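2 protein chains.
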Amino acid sequence: MTFPALLDLPEWKRFVLAAQTCAPRADGLDLIEAPGLVLDTSGQRHSADLLAAGEALLEARDFATQRARLLAGDEVNVTEHRAAWHTVLRAPRGPEDVLSARERVDAFVRRADSERRWRHIVHVGIGGSDWGVRLAVTAFGYAGTWRDVRFVANIDGHAIEGGLAGLDPRETLVVLVSKSFTTAETLQNGARAREWLKAAGLDPAAHMVAVTAQPERARAWGIADTHIFRLWDWVGGRFSIWSAVSLTTALSVGSDVLAGLRMGAAAMDEHFAQAPLAANAPVRMALAGIVNRSVLGQGSLNIAPYDSRLANLVPYVQQLDMESLGKSVDVAGRPVGVPTGPAVWGMPGTDAQHTFFQWMHQGSDGAPVDFILCRQADHHWPTHHRQLLANCLAQREALMRGKTLDEARAECRAEGLGAAAVEALAPHRVHPGGRPNHLIVLPRLSPYSLGALLALYEHKVFTQGLIWGIDPFDQWGVEYGKVLAKGIIAELGAGVAASAETAPPAATPHDASTHHWIEALSS
Amino acid sequence: MTFPALLDLPEWKRFVLAAQTCAPRADGLDLIEAPGLVLDTSGQRHSADLLAAGEALLEARDFATQRARLLAGDEVNVTEHRAAWHTVLRAPRGPEDVLSARERVDAFVRRADSERRWRHIVHVGIGGSDWGVRLAVTAFGYAGTWRDVRFVANIDGHAIEGGLAGLDPRETLVVLVSKSFTTAETLQNGARAREWLKAAGLDPAAHMVAVTAQPERARAWGIADTHIFRLWDWVGGRFSIWSAVSLTTALSVGSDVLAGLRMGAAAMDEHFAQAPLAANAPVRMALAGIVNRSVLGQGSLNIAPYDSRLANLVPYVQQLDMESLGKSVDVAGRPVGVPTGPAVWGMPGTDAQHTFFQWMHQGSDGAPVDFILCRQADHHWPTHHRQLLANCLAQREALMRGKTLDEARAECRAEGLGAAAVEALAPHRVHPGGRPNHLIVLPRLSPYSLGALLALYEHKVFTQGLIWGIDPFDQWGVEYGKVLAKGIIAELGAGVAASAETAPPAATPHDASTHHWIEALSS
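Protein sequence lines, in the order shown, are assigned to chains R and L.
Taking our numbering, I'd label the letters of the first sequence as residues 1 to 523.
Taking our numbering, I'd label the letters of the second sequence as residues 1001 to 1523.
One should not assume that every hint holds.
Stated by the list, open to error - A partial selection of chain L residues facing chain R, derived with a Cβ cut-off under 8 Å:
{"#": "1", "residue": "Val1098"}
{"#": "2", "residue": "Ile1155"}
{"#": "3", "residue": "Gly1162"}
{"#": "4", "residue": "Pro1315"}
{"#": "5", "residue": "Ala1343"}
{"#": "6", "residue": "His1384"}
{"#": "7", "residue": "Gly1481"}
{"#": "8", "residue": "Leu1484"}
As the list claims (entries may be wrong) - With a straight-line Cα cutoff of 25 Å, these simulated DMTMM-like cross-link-like pairs (lysine to aspartate or glutamate) come out:
{"#": "9", "chain 1": "L", "residue 1": "Lys1482", "chain 2": "R", "residue 2": "Glu415"}
{"#": "10", "chain 1": "R", "residue 1": "Lys482", "chain 2": "L", "residue 2": "Asp1406"}
{"#": "11", "chain 1": "R", "residue 1": "Lys482", "chain 2": "L", "residue 2": "Asp1168"}
{"#": "12", "chain 1": "L", "residue 1": "Lys1486", "chain 2": "R", "residue 2": "Asp27"}
{"#": "13", "chain 1": "R", "residue 1": "Lys486", "chain 2": "L", "residue 2": "Asp1406"}
{"#": "14", "chain 1": "L", "residue 1": "Lys1482", "chain 2": "R", "residue 2": "Glu407"}
{"#": "15", "chain 1": "R", "residue 1": "Lys198", "chain 2": "L", "residue 2": "Asp1378"}
{"#": "16", "chain 1": "R", "residue 1": "Lys486", "chain 2": "L", "residue 2": "Asp1378"}
{"#": "17", "chain 1": "R", "residue 1": "Lys486", "chain 2": "L", "residue 2": "Glu1407"}
{"#": "18", "chain 1": "L", "residue 1": "Lys1486", "chain 2": "R", "residue 2": "Glu407"}
{"#": "19", "chain 1": "L", "residue 1": "Lys1482", "chain 2": "R", "residue 2": "Glu33"}
{"#": "20", "chain 1": "R", "residue 1": "Lys482", "chain 2": "L", "residue 2": "Glu1103"}
{"#": "21", "chain 1": "R", "residue 1": "Lys486", "chain 2": "L", "residue 2": "Glu1415"}
{"#": "22", "chain 1": "L", "residue 1": "Lys1482", "chain 2": "R", "residue 2": "Glu195"}
{"#": "23", "chain 1": "R", "residue 1": "Lys486", "chain 2": "L", "residue 2": "Glu1411"}
{"#": "24", "chain 1": "L", "residue 1": "Lys1486", "chain 2": "R", "residue 2": "Glu415"}
{"#": "25", "chain 1": "L", "residue 1": "Lys1486", "chain 2": "R", "residue 2": "Glu411"}
{"#": "26", "chain 1": "L", "residue 1": "Lys1486", "chain 2": "R", "residue 2": "Asp406"}
{"#": "27", "chain 1": "R", "residue 1": "Lys482", "chain 2": "L", "residue 2": "Glu1411"}
Said to hold, decoys possible - Just a few of them, taken from the derived set where beta-carbon distance is under 7 Å, the chain L residues facing chain R:
{"#": "28", "residue": "Leu1017"}
{"#": "29", "residue": "Gln1020"}
{"#": "30", "residue": "Gly1028"}
{"#": "31", "residue": "Phe1108"}
{"#": "32", "residue": "Ala1112"}
{"#": "33", "residue": "Ser1114"}
{"#": "34", "residue": "Gln1318"}
{"#": "35", "residue": "Gly1333"}
{"#": "36", "residue": "Phe1356"}
{"#": "37", "residue": "Gln1376"}
{"#": "38", "residue": "Ala1377"}
{"#": "39", "residue": "Pro1427"}
{"#": "40", "residue": "Ile1488"}
These are calculated hints, taken from the structure and not from any lab test.
Bear in mind the structure is a predicted one, so any value in this text is a computation, not a measurement.
All C-beta atoms in this analysis are idealised placements derived from N, C-alpha and C, irrespective of residue type, glycine included.
Only chain R is shown next, with the shape it has when bound in the complex (with noise of 0.2 Å):
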């Protein structure tokens, strides 16, 4: 393989070098327009040299072409040998099979909305089958829907309990999602939604649709074949949002709100595609979010949407970043040699600043915040949207700009403190300052925006992956867990851990502890 190893690129040394050497804060006003968004870079470390050495980089990594193999449907997954094509999903014109497939879902929907059926839909996926869903529903039915949508993911029976707790099953839809159709949670999950319904003395056929990359597996399991709806093997779990997956969000806040998100996303392919790489907002957020984790070692990144209905964008862009970067290994099998893939997680503001932001102000390492805020709200409380924006912008400014010792004893002073008190409170009240953040301004939550800012994300954790020489597309890390946990459900139903003794010859004994709860455990 002759994909060069990151620490032997003579660009690499440059972009740290760059990136060392950089003021903590410069002052600037650095805007990147991009469709449906503007991305504010002025809070990241920044200078033309570091900028220069970004692009060098790119160039060494190959950038253009392997931008464009992406947004051609080739082979970009490298260790599963597949393309990761999920753009053409959104493209205004794509391949037969993908057209059909969407107006198959608006048929779906447009029928049940003539004939007002199905008042609950029970969405039973998990992951990249979940947290897309979750989002836009989250976001566009907030404050309620004609469809009451419950969404059980978990293998833990009181999520499917909960979620069936109270629905007519006469009015329930099931939706069933799973690309592999063997995924043990949801596998699980439905078929406590079928007993339910039959319990109920209906035909589950009727009541229950799956989508799926395996529709015989599906089919198999009872689903009628007009309610299969089909995924691809080269649409990975965390970039189905784009697939039959959003069937459920399309019964619940409408086709049209698919539709914009296509188009949103669609429109920040070309951007990535198109624009100059200093103008381009993926590759920049990528750029920064390289210097922040390989170079200044920070080990998390925390996402602050300021807008209570992106609660869920925190675990969809998690997933989308975690598991894509969530290696240590090139593609060349390799150790890539700096750390890789940050700790993603957060909380919509304000809410976040009553919990942890303490932390992000005066603990030892802070995290880097991407804020997202739209300028725009939809409902009719000025008052409100322009705390919530202040707030934003309060709260950015002041992890930026810190407060210095001197600042505080003056503060402290003005409080009326005496000496004494001055010098002993006024340590607790510094804040060092400088860490970085992106600001994105979205005009108001429509799909339009949405959509593009999740394809922001995901070419941001493409071009980071590039740059580490990671494949963002696999994800090998998750199969050992499963493997285990399938030798330990039996052990769990026998009663017995598998001991040196006992162990058949292919497994190895489990540790102490792990034999002591098996023993424990066992039912």
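Fit chain L to the known structure of chain R by using the hints.
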């Protein structure tokens, strides 16, 4: 001040050395029985030396005395000169005013129940006035309750809009919670709720109650005397679940849930006060956390409850831990000198496995995990529960054990891959292993066990604060942003950002970006 700096303590040097020379995994079984739960610390760095060094370190910090002072209601919040006496709120016997405040809540709930009043509760509070109630209501009311509870925290107008949507005002009780009764979010949202009640022709005073330490302010705002429930100055927001803040919990899931939570927490207080250090659950958790953060340099702590009813445990512990320990200056005003409180984040398993466990297994850093599970479920599907337990144990085992390159190669060969394919793929299936964790096992999710669990985290945080020398009960870092927000709210209203020319003498002009957005977002 005679409080010694951490780095000056010989006991600290000994502790670091002992931690550094520990094996990553002892393969022993290290269980600590505590009220309401068992703590398994087998997954942490451990040696007899390290434990002895930890005990000596606590001794050097005068742990026994400080713990006694906490529990006796002494002035342990040194920067704010007050007690942090939340433990008395759950004590079986307490001062007269604490018991009578508790009885007032119970009486209010008894009366509401006997009259079948208040079909809808709108709980308006943020941060500590929100998470604890949300946690208890989700934990024990996950399958629906007779009273529908809505939570409104964010200043974002969409929050109160969604919170009131579809409710019948005649049947709605609004619970306003603000210790200071000056919290901007809560008063603004309360004002919207008041307008909504008035618009329905109702008397707001009959439909609103307040929980506050400032009854005069609540009275002036329009709350009836009989509807004001008392807090005390010495109850921090993040410890207020033990106070009348839980009125909403009692209305939703019953006063006996509150009583159970208190009993469990009180039992954990007793354990914390009495158990020898080596068998003291909060102490052992604290020491392990200090090793992970300050010796191994782990930047974050993941909370993984394997129970979907505990989804809100994550933000609850996040606030408790990060607002308490997100500081880098000790009580004497000196830099602590080592990394302090971690970023706390997480998600219930198995959802987490499909969201970010890829990163936990193969990312550059990973994170220590607190796994939490309930031995017994409260539903009737043993297969679900067995799968849930197995997944928890399996993920934990995978994180501890790891998988070597040779094991990965063998796995690839067993799947029939050729030599070249084995060499290409195997590195992507390696897991470093040795990731630290706790496993906390509750017999079932009873109020008693949950109360004990919350007190376990509280005392862990207290102990870590003492070792680092941090005041865990203040939160000076949240003030600065509030002050800046006030100025920006005014500027947004006036349409003019303070610049070097227009800023009032006390204010510093904004950076270019903040200035730009104030102008651009002005109404």
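Hints, one by one, checked against the model:
For Val1098 of chain L, the interface hint is violated, the least distance from its beta-carbon to any beta-carbon of chain R being 25 Å, above 8 Å. At about 5 Å, the closest approach between the beta carbon of Ile1155 of chain L and any beta carbon in chain R falls short of 8 Å, and the interface hint on this residue holds. The interface hint given for Gly1162 of chain L holds, since its Cβ lies 5 Å from the closest Cβ of chain R, which is under the 8 Å cut-off. Hint status for Pro1315 of chain L: holds, given a least beta-carbon distance of 6 Å to chain R, under 8 Å.
About 5 Å separates the beta-carbon of Ala1343 of chain L from the nearest beta-carbon of chain R, less than 8 Å, and the hint is met. Interface restraint check: His1384 of chain L against chain R, minimum CB-CB distance 4 Å, threshold 8 Å, status holds. Because the beta carbon of Gly1481 of chain L sits about 5 Å from the nearest beta carbon in chain R, less than 8 Å, this interface hint is met. With a least beta-carbon distance of about 4 Å to chain R, the hint placing Leu1484 of chain L at the interface is held under the 8 Å criterion.
Under the criterion of a C-alpha separation no larger than 25 Å, the hint pairing Lys1482 of chain L with Glu415 of chain R is consistent with the structure, at around 16 Å. The suggested pairing of Lys482 of chain R with Asp1406 of chain L holds, with an alpha-carbon distance near 20 Å, which does not exceed 25 Å. Straight-line distance between C-alpha atoms of Lys482 of chain R and Asp1168 of chain L comes to about 47 Å, which puts the hinted pair past the 25 Å bound. Between Lys1486 of chain L and Asp27 of chain R the alpha-carbon distance is near 22 Å, which keeps this suggested pair within the 25 Å criterion.
Distance restraint check for Lys486 of chain R and Asp1406 of chain L: the Cα-Cα separation of roughly 22 Å lies within the 25 Å cut-off, and the hinted pair is therefore satisfied. Proposed proximity of Lys1482 of chain L and Glu407 of chain R is supported: the alpha carbons are some 16 Å apart, at most 25 Å. With a C-alpha separation of about 23 Å, the suggested pair Lys198 of chain R and Asp1378 of chain L falls inside the 25 Å cut-off, and the hint holds. As the CA atoms of Lys486 of chain R and Asp1378 of chain L are separated by approximately 23 Å, the hinted pair is consistent with the 25 Å bound.
In summary, the hint linking Lys486 of chain R to Glu1407 of chain L is supported, as the alpha carbons are separated by about 18 Å, within the 25 Å threshold. Taking the CA atoms of Lys1486 of chain L and Glu407 of chain R, the gap is near 18 Å; set against the 25 Å cutoff, the hint holds. For the suggested pair Lys1482 of chain L and Glu33 of chain R, the alpha carbons sit about 30 Å apart, so the restraint of at most 25 Å is broken. A distance of roughly 50 Å separates the Cα atoms of Lys482 of chain R and Glu1103 of chain L; the hinted pair therefore is violated under the 25 Å criterion.
Straight-line distance between C-alpha atoms of Lys486 of chain R and Glu1415 of chain L comes to about 17 Å, which keeps the hinted pair within the 25 Å bound. Under the criterion of a C-alpha separation no larger than 25 Å, the hint pairing Lys1482 of chain L with Glu195 of chain R is inconsistent with the structure, at around 53 Å. A C-alpha spacing of about 16 Å is found between Lys486 of chain R and Glu1411 of chain L, which places the hinted pair at or below 25 Å, so the restraint holds. Proposed proximity of Lys1486 of chain L and Glu415 of chain R is supported: the alpha carbons are some 17 Å apart, at most 25 Å.
Distance hint between Lys1486 of chain L and Glu411 of chain R is fulfilled; the C-alpha atoms sit about 16 Å from each other, no more than 25 Å. For the proposed pair Lys1486 of chain L and Asp406 of chain R, the alpha carbon gap of about 22 Å is at most 25 Å, so the pair holds. For the hint linking Lys482 of chain R to Glu1411 of chain L, the alpha-carbon distance of about 14 Å falls within 25 Å, and the restraint holds. Checking Leu1017 of chain L against chain R: minimum C-beta separation of about 21 Å lies over 7 Å; hint violated.
Hint on Gln1020 of chain L is violated. Least Cβ distance to chain R is approximately 19 Å, over the 7 Å limit. Contact between Gly1028 of chain L and chain R, as hinted, is supported at the beta carbon level, the nearest pair being about 6 Å apart and thus within 7 Å. Hint on Phe1108 of chain L is violated. Least Cβ distance to chain R is approximately 26 Å, over the 7 Å limit. About 22 Å separates the beta-carbon of Ala1112 of chain L from the nearest beta-carbon of chain R, more than 7 Å, and the hint is not met.
For Ser1114 of chain L, the shortest C-beta to C-beta distance to chain R is roughly 24 Å, which exceeds 7 Å, and the interface hint is violated. With a cut of 7 Å, the hint placing Gln1318 of chain L at the interface with chain R holds, because the nearest CB-to-CB distance is about 6 Å. Because the closest C-beta pair between Gly1333 of chain L and chain R is about 4 Å apart, less than 7 Å, the hint holds. Below 7 Å, beta-carbon pairs count as interface contacts, and Phe1356 of chain L has one with chain R at about 4 Å; its hint therefore holds.
For Gln1376 of chain L, the suggested interface contact is broken, since its CB lies about 10 Å from the closest CB of chain R, more than 7 Å. Interface hint at Ala1377 of chain L: satisfied, since its Cβ lies 6 Å from the closest Cβ of chain R, which is below the 7 Å cut-off. Interface restraint check for Pro1427 of chain L: the shortest CB-CB distance to chain R comes to about 4 Å, inside 7 Å, so the restraint holds. With a cut of 7 Å, the hint placing Ile1488 of chain L at the interface with chain R holds, because the nearest CB-to-CB distance is about 4 Å.
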